[in-house]
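Chemist: With the hints as constraints, model all of the structure from the sequences given.
Same order as they appear, the protein sequences are chains V and H. All residue numbers in the first sequence are consecutive under this note's numbering, ending with 128. All residue numbers in the second sequence are consecutive under this note's numbering, ending with 135.
I should point out that these hints are in silico values taken from the structure, not numbers from a laboratory. Just so you know, nobody snuck in bad clues.
Covered stretches of chain H, as calculated for chain V (at least 3 residues, CB under 8 Å):
no.	segment
1	11-18
2	27-39
3	111-118
Ideal Cβ placement from N, Cα and C applies to all residues, glycine included.
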Amino acid sequence: MRLLVDIAEHGNEGPVALSHVAVRQNLSEKYLQQVALLLTRGGYLLSVKGAGGGYLLNMEPDKMSIYQVLDLLEGNIAFEETPQGEESAIQRCIRLHYYQKLDLEVKRVFKDITLAEVTKADWFSYVI
Amino acid sequence: MKLSTKGRYSLETLVYLATCRENCSIRSISEATGISSGYLEQLMIPLKKAGLVDAERGVQGGYRIARKDITCAEVLLASEGDFLPAPCKGCSQSDFCKTHQIWSLLQNTVVEFSKEILIESLAAHLVESEEGGGI
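Modeler: Written out as structure tokens, the structure reads:
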């Protein structure tokens with residue numbers, strides 16, 4: 001997420017090198033490479049090879065849903081889990097009446113939040 | 001989002017206890033939830049400490065839910081501690097970090113919503129479904 005914000009803020013000057021992001025964000029470059037790979041495969045980043053290469057956003061920041069990015073990076077953001085094996089009546093009850101509703105609520109809150117919102121200086125005007 | 005097994009099991013235990021009129025032995029909770037007795041004993045420690053379950057010794061002893069107005073948030077906070085902490089917790093930049101604000105928003109959303117869901121009403125749904133419950 002910090003990688004995306006950084007690229008959104010610096011990408012207008014051309015591809016953003018991970019080594020620069022690493023310094024700016026105080027994150028390890030190795031770790032950033034893994035995240036960048038995931039985001040490239042997910043279609044959020046575009047990798048530019050060669051000298052002066054790096055990463056660019058692969059879509060407009062106002063089209064990039066933060067919920068979907070979190071879902072990709074966290075490997076499924078939903079609380080509801082597909083029942084594995086036999087589901088007890090209690091588990092089913094909690095799944096339907098709590099986890100499922102909780103997921104809807106998170107989706108509702110995050111519905112309109114895009115990378116563009118996040119990169120705005122004072123984006124945190126969202127009140128639950 | 002990964003809630004820990006501990007958190008999920010604690011919710012299941014509390015929902016079951018809320019359907020019971022009398023004290024429940026670890027064994028009967030174990031039969032109803034499928035959670036092993038040993039694990040249940042462990043789950044009960046923080047739940048008892050947080051005042052969410054009462055334990056009584058003796059022949060008629062066992063566990064029962066302490067109050068009627070317990071919320072899912074209370075159960076998860078008791079069993080998981082600070083559940084869903086932002087991965088960047090403790091980071092010196094968190095005050096102005098935009099990513100941190102996203103995590104805070106996510107955490108607040110989950111906690112606030114969980115404060116609205118009563119264990120009692122989950123238990124009512126369970127009894128209604130006529131599939132289980134300890135009555």
